[in-house]
Amino acid sequence: MDSLIDVVLFAFLIVVALAVARGRDLFAGAMLFGMFSLLSAGLFLIMDAADVAFTEAAVGAGVSTVLLVAALSLIGTEERARRRSNFLPLAIVVVTGASLIWGTFDLPPFGDPANPPNHHVVPRYLEKSGEEIGIPNVVASVLASYRGFDTFGEVVVIFAAGVGVMLLLGGRKRHRQRKERGL
Amino acid sequence: MNLLGHYNYIVVVVLMMLGFYTVIARDNLVKKLIGLGIFQVSVFMLYISIGYVSGGSVPILTEGVTLYSNPLPHVLILTAIVVGVATLALGLALVVRIREAFGTVEEDEIRLKEDAEG
Amino acid sequence: MSHHLILRVVAKFLIPLILVYGLYVHFHGEVSPGGGFQAGVLVASAFILHALIFGLNKTRPIARPGVLKAIAAGGVLLYGGTGVAGMLFGGEFLHYGVLAADPVKGQHLGIILIELGVLFTVASVMLLIFYAFAGRQKPEAQ
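Residue numbers (my numbering), protein chains in the order written: chain A, 1 to 183; chain B, 1 to 118; chain C, 1 to 142.
Hint data in this document are derived by calculation from the structure and do not stem from the laboratory.
Note that the Cβ used here is the ideal one computed from N, Cα and C, for glycine as well.
Incorrect hints may appear among the rest.
Stated by the list, open to error - Restraint-style ranges between C-beta atoms, simulated for each label pair:
| id | chain 1 | residue 1 | chain 2 | residue 2 | range |
| --- | --- | --- | --- | --- | --- |
| 1 | C | Phe13 | A | Arg24 | 34 to 40 Å |
| 2 | B | Glu63 | A | Ile92 | 49 to 55 Å |
| 3 | C | Leu23 | A | Ser99 | 46 to 52 Å |
Unchecked claim - Some residues of chain B that are not near chain A, with every Cβ distance over 10 Å (derived):
| id | residue |
| --- | --- |
| 4 | Gly64 |
| 5 | Ile110 |
| 6 | Arg111 |
| 7 | Lys113 |
| 8 | Glu114 |
| 9 | Asp115 |
| 10 | Ala116 |
| 11 | Glu117 |
Whole structure, please, built from the sequences with the hints as guidance.
As structure tokens, then:
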């Protein structure tokens, strides 16, 4: 049953990504991107990543769509038809994709508990986090405690991105003054 | 190597390439950002696929469950998603400023205007 | 959109629910899926909904940009400060076990503090980014 949902969701995802790659309307592109995020959230849930699915549904389908639409209201939604030929990008994409698919053949089979990524530190997180941290959600204890330094970096990145956006878009007053002075 | 066991990885690569194609084949900067977003979400799917354990459970410790999916990719991707929206916002802010400076968000027109200004 | 009566009524009903749900996701994040990142986005989206329905000029006095900037920086400081506190108590940076007499209690305290820092920063940065985009006037076509 899970694999059936998996196949159907992936089919929808490919259709949506194709529509984004082919469509001309930017507003439709923003909406399709929101759909893509929501579908991928469903896929994450099928693959037992409840926290990730939650985040993707709230962030990808919610906030980023709002931001895209807000930005489009400033930019305009028309996209001019392309004049150059599509042959070169298509060739690059086909070659890159073929080599990446060739590379995936060396990846361990999907869903096997004996896969190398599931060993190393992960069994320790699963076995010891209950007594060491004392909370049942292993994702939360790895996020906040075992890998707290990573998360600190991510929070700083979000803060820095917020500062960057405010520097780029917040300086309306100064901009107008400069225009008045003829600069 | 069986094809069914690699189905997820192959579809993820196809999705990645669709996003990549949108980035390099389109001149519109907003479309490029959307393509980049699709590429990014595809990478997230690759990570989560690698951490999936069939028959496993959501990594929240429960009585009587012994097999859990790998929590480490979940942690990495969870934070990456939020950072992704922050960087998307930064990119959109740059595009808004470009629109105000050049009056267009098409890459080739921007290049023409830049050359004309010398 | 302020003239849409149904939207206004529904939004008035939904916004408190979204806020409460955001807080639930935050404080229940140790037992169920959730945590500071998701809760921050949910809290921000409640304010974004308010701004979309009632207009930005009504939302700005409720969540002032100046206060939000302070909260965003305060969240990062709270996170970093928790790490430094671990050092002052004789552990490493971000070692929560030394924050209380019992290491597990210390871990609890540390996780609650840093998740609060994440919540503050994510919620206020998302809202500030939305303000920045929505508050900018459309430039005249050149």
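Quiz item: In ascending order, which of the hints set out earlier in this document are inconsistent with the structure?
Solution: none
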